[in-house]
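**Student:** Read top to bottom, the protein sequences are chains L and P. Letter 86 of the first sequence, counting from 1, is numbered 86 in our numbering, and no numbers are missing. Letter 100 of the second sequence, counting from 1, is numbered 100 in our numbering, and no numbers are missing.
Honestly, the hints are just simulated from the structure, not real lab data. Ideal Cβ positions, reconstructed from N, Cα and C, are used throughout, including at glycine. Careful, some of the hints might be misleading.
Claimed, not checked - Heads up, simulated DSS-like pairs for lysine-lysine below, C-alpha to C-alpha not over 25 angstroms straight-line:
#, chain 1, residue 1, chain 2, residue 2
1, P, Lys42, P, Lys68
2, P, Lys37, P, Lys58
3, L, Lys9, P, Lys42
4, P, Lys37, L, Lys9
5, P, Lys71, P, Lys22
6, P, Lys57, P, Lys68
Claimed, not checked - For each label pair, taking beta carbons as the anchor points, the in silico distance ranges come out as:
#, chain 1, residue 1, chain 2, residue 2, range
7, L, Asn28, P, Glu39, 24 to 32 angstroms
8, L, Gly16, P, Glu79, 33 to 41 angstroms
9, P, Gly1, L, Thr112, 25 to 33 angstroms
10, P, Val20, L, Ser67, 40 to 48 angstroms
11, L, Leu69, P, Val20, 40 to 48 angstroms
12, P, Leu46, L, Lys71, 34 to 42 angstroms
13, P, Gly41, L, Asn65, 33 to 41 angstroms
14, P, Leu46, L, Asn62, 23 to 31 angstroms
15, L, Gln17, P, Pro82, 47 to 55 angstroms
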Amino acid sequence: NAGVTQTPKFQVLKTGQSMTLQCAQDMNHNSMYWYRQDPGMGLRLIYYSASEGTTDKGEVPNGYNVSRLNKREFSLRLESAAPSQTSVYFCASSGMGPLADTQYFGPGTRLTVL
Amino acid sequence: GENVEQHPSTLSVQEGDSAVIKCTYSDSASNYFPWYKQELGKRPQLIIDIRSNVGEKKDQRIAVTLNKTAKHFSLHITETQPEDSAVYFCAASPGFQKLVFGTGTRLLVSP
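Only chain P is shown next, with the shape it has when bound in the complex (with noise of 0.2 angstroms):
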C-alpha cells in the first residue's frame, strides 16, 4: 500500500523567513496530494492541495510542488508569520478517495 514520509518532524524559522516541508511517497498511482495545517487541540484543515497533473501550485504566500518522476512533493511557506506556528500534515490518495498521511511537521515561527 501507499506510504509517505514527511520532513523535517520539526521546523524552526524566524519570523519572515521561508520555510520548506518535504514528503515522498511510494504508489505511484497516487494522484492526489493535499496539505493540512493542524493548530493545537483544533481539526485539521486543508490549506492547498495538487494534483498530479499539475508541477506547481500557489496561494499568496504558500505553494506546493509535485514531482512525480521522483514522487515528493514540498510545501513552500513565505514571509513566515507567527500564526503559520502549526502541525503541518501532507497526505497522499492512491484513490478510491483515500487518504495516507505522513507523520506531520511541527512549525515554530519565532517573532
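Chain L with its partners taken away, still in its complex shape (with noise of 0.2 angstroms):
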C-alpha cells in the first residue's frame, strides 16, 4: 500500500497563473482532506469530502476549488494563484467504522507563487 501521494513535490507559479494539485489515496477510505501548512499557524483545513460526490469548505476556502473525482482521488485547484497562497499543502484520508477519525497525511507539496 502506497498509502496517501501526492503530486506534484514542488511546484514554482506566477502571480495569475493556476494549478491543479493531485491526491490519491489507496485505503478505501471514505473521507479525504485539504490542509495548508504556514509557519507559525499549524494545519488549516481548505476543503474536505466526507464521501465520494460531496465537498464542504473548512476554515481557509476562499481562492481553491475542489474535485472529489471517485472515491480514491481528490484534488485542489488553485484558479489564479497569490502570493498568499505560498505554503505546504498536505492532503490526508480517514476510514470508517471506530477508527473514522484518524487521519493519514501524504507527503506533500511545496508551493511557491512569485
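Hints given; two lone chains; assemble the complex.
**Tutor:** Here it is, written out as C-alpha cells:
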C-alpha cells in the first residue's frame, strides 16, 4: 500500500497562474481532506470530502476549488494563484468504523507563488 | 467553532529528561484528540491518540492525558532521545471527522 500520495512535490507559479494539486489514496477511505501549513500556524483545513460526491468548505476555502473525482482521488485547484497561497499543502484521508476519525497524511506539495 | 491552543511553542530538554506539551480546546463536544509528530520536510505522523471516554493512554515512552472538565490534554514523553526532536501538533475533533490543530511545539532534545 502506498497510502496517501500527492503530486507534484514542488511547484513554482507566477501570480495569476492556475494549477491543480493531485491526491490519491489506496486505503479505501471514505473521507479526504486538504490542509495548508504555514509557519507558526499549524495545519488549517481548506476543504474536505466526507464521501464520494460530496465536498464542504473548511476554515480557509477562499481562492480554492476541489473535486472528488472518485473514491480514491481528491484534487485541489488554484484558479488564479496569489503570493498569499505560498504554503505547504497536505492531503489526508480517513476511513470508516471506530477509527474513522484517524487521519493519514500524504507527503505534501511545497508551492511558491511569485 | 473549535479552537485549540498549544503550549509551549518551543521546548528544549536534555537527553533523558521528560517533556510535556499542553493543549486546551474550547468545544465540549470534541471527542477525539490525536497527537502528530512532524520531522523537518516530512508529513505529520500520528503518534498517539485518545478518545473522550478515556482519561489516559500510554505507548512505551509516550503518554497522553485528558481532562474533559478542564478541556485540556497533554502529551508526555519520558526518557527523551535526540530522535524525538521534531514539531508536535495536538488536534481536537468536534465531530464529522474534522480535526482542528494547535499551532505546534518545536521540541529539541540535546545530547
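**Student:** Hint by hint, note whether the structure agrees.
**Tutor:** A quick look at each hint next to the structure:
This hinted pair does not check out: Lys42/P and Lys68/P have alpha carbons roughly 32 angstroms apart, beyond 25 angstroms. For the given pair, Lys37/P sits about 16 angstroms from Lys58/P by alpha-carbon distance, which is consistent with the 25 angstroms threshold. Proposed proximity of Lys9/L and Lys42/P is supported: the alpha carbons are some 11 angstroms apart, at most 25 angstroms. Annotation: proposed proximity of Lys37/P to Lys9/L holds, straight-line Cα distance about 20 angstroms (limit 25 angstroms).
Taken as a hint, the Lys71/P and Lys22/P pair is honoured in the structure, with Cα atoms around 11 angstroms apart against an allowance of 25 angstroms. Of the supplied pair hints, the one linking Lys57/P and Lys68/P holds, its CA atoms being roughly 14 angstroms apart against a limit of 25 angstroms. Checked against the hint of 24 to 32 angstroms, the C-beta distance between Asn28/L and Glu39/P comes to roughly 27 angstroms, which is consistent with it. The hint said 33 to 41 angstroms for the Cβ distance between Gly16/L and Glu79/P, and at roughly 52 angstroms that hint is violated.
In this structure the supplied range 25 to 33 angstroms holds for Gly1/P paired with Thr112/L, their Cβ-Cβ distance being about 30 angstroms. Against the hinted window of 40 to 48 angstroms, the Cβ-Cβ separation of Val20/P and Ser67/L comes to about 42 angstroms, which satisfies the hint. As the Cβ distance of Leu69/L to Val20/P is approximately 43 angstroms, the hint placing it in 40 to 48 angstroms holds. The beta-carbon spacing between Leu46/P and Lys71/L, approximately 22 angstroms, falls outside the hinted interval of 34 to 42 angstroms.
Take Gly41/P and Asn65/L: their Cβ atoms lie about 28 angstroms apart, and the range 33 to 41 angstroms is violated. Evaluation of the 23 to 31 angstroms hint for Leu46/P and Asn62/L yields a pass: the beta carbon distance comes to about 29 angstroms. Between Gln17/L and Pro82/P the C-beta distance comes to about 42 angstroms, which lies outside the given range of 47 to 55 angstroms.
Checked against the numbered hints above, the structure breaks hints 1, 8, 12, 13, 15 and satisfies the rest.
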